[in-house]
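Enquirer: Sequence:
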Amino acid sequence: MAVAGCPDYFLHHPNYQDNVERAAKHRQADLIGPSFQQSTNQNSPSHQEDDVDLEALMNDMNSSFESLYTSCSVQTESIPLLHNGQPQRPAAYHTHAQSTSPHHRLRRSQPMHILAVRLQEEEQQYRTSSLPAIPNPFPELCSPASSPTLSSGSLPQCQPSGKYIIKIFSEDGMGKVVEIPADMTARDLCQFLVYKNHCVDDNSWALVEHHPSLGLERCLEDHDLVVQVQTSMTSESKFLFRKNYAKYEFFKNPLNFFPEQMVAWCQEANGTIPPAQLLQNFLNSSSCPEIQGYLYVKEMGRKSWKKLYVFLRRSGLYFSTKGTSKEPRHLQLIADLDDSNVFTVITGRKLHNAPTDFEFCIKPNKVRNEVKELRMLCAEDEQSRTCWMTAFRLFKYGILLYQNYKIPQQRKTLLSHFSAPVRSVSENSLVAMDFSGRIGRVIDNPVEAQSAAMEEGHAWRKRSQRMKSLGIPSPLHPSSLSGVIHRTQLWFHGRISREESHKMIHQQGRVDGMFLLRDSQSNPKAFVLTLCHHQKMKHFQILPCEEDGQMFLSLDDGATKFTDLIQLVEFYTLNRGVLPCKLKHPCTTVAL
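In the numbering used here, the protein residues as written are 11 to 602.
Simulated from the structure, these hints should not be mistaken for laboratory data. All of these numbers come straight from a predicted model, not from anything done at the bench. Here a beta-carbon is modelled for each residue, glycine too, at the ideal position from N, C-alpha and C. Be aware that one or more of the hints could be misleading.
[As the list claims (entries may be wrong)] In silico DMTMM-like links for lysine to aspartate or glutamate, alpha-carbon gap of 20 Å or less: (1) K332 / E383; (2) K336 / D346; (3) K336 / D349; (4) K376 / E227; (5) K313 / E300; (6) K548 / D567; (7) K382 / D349; (8) K360 / E246; (9) K173 / D193; (10) K546 / D574; (11) K262 / E227; (12) K177 / E189; (13) K382 / E246; (14) K313 / D211.
[What the hints assert, rightly or not] Label pairs and their in silico Cβ distance ranges: (15) T573 / Y407: 15 to 23 Å; (16) E466 / Y407: 50 to 58 Å; (17) A192 / T573: 47 to 55 Å; (18) Q238 / Q560: 56 to 64 Å.
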């Protein structure tokens, strides 16, 4: 027999059935009336004992109920909601219930309104949990950490897939449309363009993000997804394909990129820091290097600039509100590193009225064409700007940059094991030969070999003079092929100004040995060699000189003569001579 209003777990109490029967008799006695009770009492002398026992049993049953309620409340104390969706009553409720009458104690479970939404959620949860696990027919689409079975909420977030159209521009303004997958990186796209355009693969090609309306550009990192970068660009923005020798140059010569007066760690050490230790300090995420120095900072929404003492850390870029103080209460955040990228400003004086030509910018990734959201900064010189921008990249990407730097070298080493051996052509493998007789012989005597070389040189000049007297163009004559063959070389750029040569070298990286040749604007018969050394531009004039009726080219006032510019470039590529460094990286432009 079940009693309405009582919870189900009361039915399992050991004295429950006896208590219910006695309570039913007691109610029946109340319904019959007092006259019936008197007759009953007379016939049953033990009625008083039964009445007393009934009251004791009721008290015992109520105390049992209270103990059950207390035990249930302890077990369900950590559960915020019951199965019917109602909040659990606090412990004070049970204390209050103990002081109420037995009649009220039996009416603890009341009808409650159950929300339909709660029922639907529980029903959906029951259906989902009751379904068996379905094997995934495409396990390769799931992430490595996920299970190969499909369940609710187990599908990973898929990246964009399919093909995308990208337009790439070269230095001459010509564009080329390519179709790439969504997961193609900047390195892979550069390799593709090098292969398609038959360029020399020297691991110095880069993809540049260019914003003409903002006057900003930056070199994409090798691991950047091209399609993802394109989503943050406007319709006027474009990608440029060109050389960038300075992309990882700081791994080779770190002291040229990080002056000791700008690195706080070097100043605290009070000594010269080894280059390897300097780089390790930047790449180690547990270390706390810091770049410090004065910068011109443009105020947000204004045209004015302020000179502030700035600190660059892993957590962001800060400036001190009190001189050069590093105390946290004096530092104010300028820009965050995680959600931003550093750009070079190419038209700083014209667009932003910059105090110097060495301006750079920190652009948040969410900003498209809003100039007010850009953090414009200006350094005193080129070395300082390079230090700030390089440190920004190291703090943001860390060891990932070093991995990008090592990948081409590892690939080159791997391919060298499978490539065919190439015969080495060097000075040690060449010997002097004498073909004056019927058969050739090897000249073993060094003195005889030197005299034979001098005789060959004089014979060449005599043959050239004889051809000139007969009216036949000489290979050494300026009007011949040797006078114009240099114009086919990639390092020769014709009649460009000094400012244009500076801009081209700056775009492809201010590294030692970067050079180009151009026509002289002051002397129509001369040429100019523009060379980068210690991030500074130097110009050397190449003048024509005459000897024995022959025209030569010389860079050192006739001490070393060359028949053409190709021979001059080859010589200074192997020998420094009067130059501050050897010619290493030609500044080239490639048409797509």
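Enquirer: Look at each hint and say if it fits the structure.
Expert: Each hint, compared with the structure:
1. K332 / E383: It is violated: about 25 Å lies between the C-alpha atoms, which goes past 20 Å.
2. K336 / D346: holds, 18 Å
3. K336 / D349: Given that 20 Å is the threshold and the Cα spacing comes to 24 Å, the pair is violated.
4. K376 / E227: Measuring from Cα to Cα gives roughly 16 Å; hence the hint holds.
5. K313 / E300: violated, 29 Å
6. K548 / D567: holds, 17 Å
7. K382 / D349: Between K382 and D349 the Cα gap is close to 17 Å, so the pair holds against 20 Å.
8. K360 / E246: holds, 19 Å
9. K173 / D193: holds, 9 Å
10. K546 / D574: With a Cα-Cα distance of about 27 Å, the restraint between K546 and D574 is violated, given a limit of 20 Å.
11. K262 / E227: Answer violated: K262 to E227 is near 24 Å, above 20 Å.
12. K177 / E189: Cα-Cα ~9 Å, so holds.
13. K382 / E246: holds, 18 Å
14. K313 / D211: violated, 44 Å
15. T573 / Y407: 15 to 23 Å: Roughly 48 Å apart at Cβ, these two residues miss the hinted range, so it is violated.
16. E466 / Y407: 50 to 58 Å: holds, 57 Å
17. A192 / T573: 47 to 55 Å: Between A192 and T573, where Cβ atoms are some 53 Å apart, the hint holds.
18. Q238 / Q560: 56 to 64 Å: At roughly 60 Å between Cβ atoms, Q560 and Q238 fall inside 56 to 64 Å, so the hint holds.
The earlier numbered hints that this structure contradicts are 1, 3, 5, 10, 11, 14 and 15.
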